[in-house]
Structures are given as structure tokens and as C-alpha cells.
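Heads up: the sequence lines are chains A and B, in that order. In the numbering used here, each residue's number is its place in the first sequence (first place is 1) plus 1473. With the first letter of the second sequence counted as 1, position 44 gets the number 38 in the numbering used here; the numbers rise by one all the way through.
Since the hints were derived computationally from the structure, they do not count as laboratory data. A hint or two may mislead.
[Said to hold, decoys possible] Just the calculated beta-carbon pair ranges, DEER-fashion:
no., chain 1, residue 1, chain 2, residue 2, range
1, A, 1632, B, 182, 20 to 28 Å
2, B, 58, A, 1638, 13 to 21 Å
3, B, 103, A, 1632, 35 to 43 Å
4, B, 95, A, 1564, 45 to 53 Å
5, B, 49, A, 1613, 15 to 23 Å
6, A, 1569, B, 186, 51 to 59 Å
7, B, 125, A, 1498, 38 to 46 Å
8, B, 103, A, 1574, 43 to 51 Å
9, A, 1482, B, 182, 39 to 47 Å
10, B, 99, A, 1568, 51 to 59 Å
11, B, 103, A, 1500, 52 to 60 Å
12, A, 1503, B, 85, 24 to 32 Å
13, A, 1573, B, 99, 44 to 52 Å
[Claimed, not checked] Here are the simulated lysine-lysine pairs, BS3-like style, with alpha carbons at most 30 Å apart:
no., chain 1, residue 1, chain 2, residue 2
14, B, 9, A, 1507
15, B, 53, A, 1635
16, B, 63, A, 1507
17, A, 1581, A, 1635
18, B, 63, A, 1501
19, B, 96, A, 1497
20, B, 53, A, 1497
21, B, 63, A, 1561
22, B, 62, A, 1501
23, A, 1565, A, 1501
24, B, -2, B, 9
25, A, 1501, B, 53
26, A, 1560, B, 62
27, A, 1565, B, 9
28, A, 1565, A, 1507
29, B, 53, B, 63
30, A, 1581, B, 63
31, B, 63, A, 1560
32, A, 1635, B, 63
33, B, 62, B, 9
34, A, 1561, A, 1507
35, A, 1560, A, 1507
36, A, 1560, A, 1635
37, B, 63, A, 1565
38, A, 1497, A, 1507
Backbone N, C-alpha and C define an ideal beta-carbon position, used for all residues, glycine too.
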Amino acid sequence: MQNIETNSDFEVRSLDTMCVNESKINHKWYHQIKYLITGVLFGIILVKAEIISWFRIQEMFRLQSFHMYGVIGSAVVVGIISVFIIKKFNIKTIDGEQIVFNPKSFNKGQIFGGLLFGLGWAITGACPGPIFAQIGTGASVVVVTLLSAIAGTWTYGYFRDKLPH
Amino acid sequence: MFEKTFNFIMLEIIKEPWPWFVAGPLIGLIVPFLLIIGNKTFGISSSLRHVCAAIIPSKIPFFQYNWKKEAWNLVFVFGVFLGGAVAVNLLSNNNAVVVNPKLMDELATYGITNYNNLIPVDILNWQSLFTIKGFLMMVMGGFFIGFGTRYAGGCTSGHAISGLSSLQWPSLVATICFMLGGFITANLILPLILSL
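Please construct the entire structure, taking both the sequences and the accompanying hints into account.
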């Protein structure tokens, strides 16, 4: 019974979501520190490579600079190689768990939602990660963008059944 | 003496903006790193959903799940916020961002001339929030980020980086649509908003 409940919770959690916690282990709170540190490193990279710069995003969408294409392209290449190595050598997590990849099924949301996100990205010059980093750099007004993004997510959840998928 | 000079030079290099071939591979490495330290798939936009689930679930089925299991994602984005603060205060030479002169010419026609911050403070500030332009850019723009990413099932990190890394073709569709939406907006819609 317990198992069935856990599974249905996973079903809901994984709906329209890329990142889902695949670990079955319940860790103590201090294990979160490793994610805090990874987040800090990611935030530093975002700022130092000017990926969170509104101006860099405008350049990208006007094909005026290679910078952002280089960042995303090389990140994807390194990501593909890493995932290939993990699968090929069956590398486990530091706790010895099997690493899980959840295949995503296609739905029309990836098209409609993708286009709408592109709209927001080009206007604000930020995707969700950069929003947090921008606030960190002292751009306090971006808190408004963050709250609006949370409202947008909530609105999607509210109308989810009525939207084409 | 040598060591001091070396450390000084290293810090000065770090303070310069990092080139794409340093930043890109480092971001790519976050994917296997998160998988190995805890079986976590790299993605940011889900954090917005967890905030909804934690604070305003409002009996909506989409927000009825054990968000505490995904708390790592909220810790991660809090880290991104801290990282932004560390980078700008300790690891930056605070020079203006250098962009294509063509972009500078175009933006100057809309009164955007300040390149000292990562956001254009000429148009994105607390005063402009109460103008139509500011409202459209910050409130509407933010809304579409949240709505669009969840509708698409991920953002730049979840689809373009994590999804493509594990060769998922729906992520490629999503990434192409992100870019297409961005191209149309930046070239056709944003100029109208900036002209307001």
C-alpha cells in the first residue's frame, strides 16, 4: 500500500516537469548543503559568463554574438558526453543508487509552452535560473518578475486540464 | 613572493568576464554532478512549481504532491541567488558589459545607455514598474516565463541542457520553440514595447 501511494505521488510530481528527485533515500537535512553549494557555483558561472545579462540575451536573439550559442552548445556537448559515460559504465550515485533517466513523452505543451516561454525570455532577458541570480546581484526589482513567474506557474496549474496537450 | 603574484593574477583573471568555452563546459558538468551526488536531474523552473505547492496549492491537483521531497531544488535556487551575490561583490571588476555596437545603437534609440548592470536599469527599475512599459516587461514577461516553462515541462536548464544531454527529442522540440519564440519577440514584439 505504501508503495502504491509513493508511486502516485511520483506521478503527480513528474507531470510536466523535467527535474524530479529520483532518489529513494530519505536524507537528513544537512545533505541539502551539497545542493546549496552546487547552486552557488551555478550562480557564479551565470554572472561571470554574463549569461544573465539582458543585453547578452538581446544579442543572442539578434544573431549579433556567438557567446550564448557557445555557452549553451558546449554545455550540451559536455552534458551528452557525461550522460553517455554514466550509462556506459553504469556509474552509481555516491550513495550507491542506480542513476535514473526518465524519458519524456512528447506533448503539444512543448510547442505552445515553449513559444510562450521564449516570449518571456526575450522580454525579461532571464530564464528561471537567471532570475534568482539577477536578484542576488542586487537587482531588487527582479523580485517582481519572480513573483509574476510563480503566478504564471500557478495559473498554468489552474487551467492545466483545459489547455491542449 | 611568486605565490602572491600568482594568486593575484589568478584572481584578476577570475574577475574578468568568463569566455563561453569556460562557462559552457562548467554548466554541462552540473548535469552529471547532480546525478552523482543525489540522483537529481538538473532543472530550475520546477522550483516555481514547488513554491506553488508549498504556499498556494489551492486544492489544484497539479500542486498536490509531496513538495518536501523536492526541497533540494529550492535549496539549489537559493544557492543560485547567493552565487549571484558572491560573483558580483567578490569576483567582479564591475566593468560594463561589452556588447555588439549594433545592439548599442539600436538600444540607444529607446533611451537604453546604461550597461553597468546585468539588467537595463534605464527601463527595469521600481519607478518604471508603474508604467505600461515596465509593467509589460516585468509583470507580463515574468508571467510568461512561469506559465510557458511549466506548460513546456522545463526551461533552458531542464530541456535545453538536461533534456538534450540525455538525448530526449521532446526537449529538442521545446528548445527550438524557446528560440523561435525568443527570435520573434526580440525582433518584432520587444521593439514595440520599448517604443512605448
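Against the structure, the hints:
Our hint of 20 to 28 Å for residue 1632(A) and residue 182(B) holds, since their Cβ atoms are close to 26 Å apart. For residue 58(B) paired with residue 1638(A), a C-beta distance near 18 Å keeps the hint of 13 to 21 Å intact. For the pair residue 103(B) and residue 1632(A), the beta carbons lie near 38 Å from each other, so the given range of 35 to 43 Å is met. Separation of residue 95(B) from residue 1564(A) is about 47 Å and conforms to the stated range, judged on CB atoms against 45 to 53 Å.
The given range of 15 to 23 Å is respected by residue 49(B) and residue 1613(A), whose C-beta atoms sit roughly 21 Å from each other. Distance hint for residue 1569(A) and residue 186(B): a CB-CB separation of about 56 Å, consistent with the stated range 51 to 59 Å. Judged by the Cβ atoms, the range 38 to 46 Å given for residue 125(B) and residue 1498(A) is violated: they are separated by roughly 50 Å. Range check, residue 103(B) to residue 1574(A): Cβ separation about 47 Å, and the 43 to 51 Å hint holds.
Distance hint check for residue 1482(A) and residue 182(B): the Cβ-Cβ separation is about 43 Å, which falls inside the suggested range of 39 to 47 Å. The hint said 51 to 59 Å for the Cβ distance between residue 99(B) and residue 1568(A), and at roughly 54 Å that hint holds. The beta-carbon spacing between residue 103(B) and residue 1500(A), approximately 54 Å, falls within the hinted interval of 52 to 60 Å. A beta carbon spacing of about 26 Å between residue 1503(A) and residue 85(B) agrees with the range 24 to 32 Å that was offered as a hint.
Between residue 1573(A) and residue 99(B), the C-beta spacing of about 50 Å keeps the proposed range 44 to 52 Å intact. A distance of roughly 25 Å separates the Cα atoms of residue 9(B) and residue 1507(A); the hinted pair therefore holds under the 30 Å criterion. For the hint pairing residue 53(B) with residue 1635(A), the CA-to-CA distance comes to about 16 Å; that is within 30 Å, so the pair holds. Restraint check for residue 63(B) and residue 1507(A): satisfied, since their Cα atoms lie roughly 15 Å apart, inside the 30 Å limit.
Our distance criterion of 30 Å between C-alpha atoms is met by residue 1581(A) and residue 1635(A), whose separation comes to about 13 Å. This hinted pair checks out: residue 63(B) and residue 1501(A) have alpha carbons roughly 12 Å apart, not beyond 30 Å. Of the supplied pair hints, the one linking residue 96(B) and residue 1497(A) is violated, its CA atoms being roughly 52 Å apart against a limit of 30 Å. For the suggested pair residue 53(B) and residue 1497(A), the alpha carbons sit about 26 Å apart, so the restraint of at most 30 Å is met.
About 29 Å separates the Cα atoms of residue 63(B) and residue 1561(A), which keeps this hinted pair within 30 Å; it holds. Only pairs whose Cα atoms come within 30 Å are accepted, and residue 62(B) paired with residue 1501(A) is accepted, the gap being roughly 12 Å. Our distance criterion of 30 Å between C-alpha atoms is met by residue 1565(A) and residue 1501(A), whose separation comes to about 20 Å. For the proposed pair residue -2(B) and residue 9(B), the alpha carbon gap of about 17 Å is at most 30 Å, so the pair holds.
Note on residue 1501(A) and residue 53(B): the hinted pairing holds, with a Cα-Cα distance of about 29 Å set against a maximum of 30 Å. Our distance criterion of 30 Å between C-alpha atoms is met by residue 1560(A) and residue 62(B), whose separation comes to about 28 Å. With a C-alpha separation of about 36 Å, the suggested pairing of residue 1565(A) with residue 9(B) is violated against the 30 Å cut-off. A threshold of 30 Å between alpha carbons decides the hint, and for residue 1565(A) with residue 1507(A) the separation of about 17 Å falls inside it, so the pair holds.
Straight-line distance between C-alpha atoms of residue 53(B) and residue 63(B) comes to about 19 Å, which keeps the hinted pair within the 30 Å bound. With a C-alpha separation of about 28 Å, the suggested pair residue 1581(A) and residue 63(B) falls inside the 30 Å cut-off, and the hint holds. Between residue 63(B) and residue 1560(A), the direct Cα distance comes to roughly 25 Å. Compliance with the 30 Å bound is thereby established for this hinted pair. Under the criterion of a C-alpha separation no larger than 30 Å, the hint pairing residue 1635(A) with residue 63(B) is consistent with the structure, at around 28 Å.
Between residue 62(B) and residue 9(B), the direct Cα distance comes to roughly 37 Å. Violation of the 30 Å bound is thereby established for this hinted pair. For the given pair, residue 1561(A) sits about 26 Å from residue 1507(A) by alpha-carbon distance, which is consistent with the 30 Å threshold. For the hint linking residue 1560(A) to residue 1507(A), the alpha-carbon distance of about 23 Å falls within 30 Å, and the restraint holds. For the given pair, residue 1560(A) sits about 38 Å from residue 1635(A) by alpha-carbon distance, which is inconsistent with the 30 Å threshold.
The hinted pair formed by residue 63(B) and residue 1565(A) meets the criterion: a straight-line CA distance of about 20 Å does not exceed 30 Å. With a CA separation close to 17 Å, the supplied pair residue 1497(A) and residue 1507(A) stays within the 30 Å bound.
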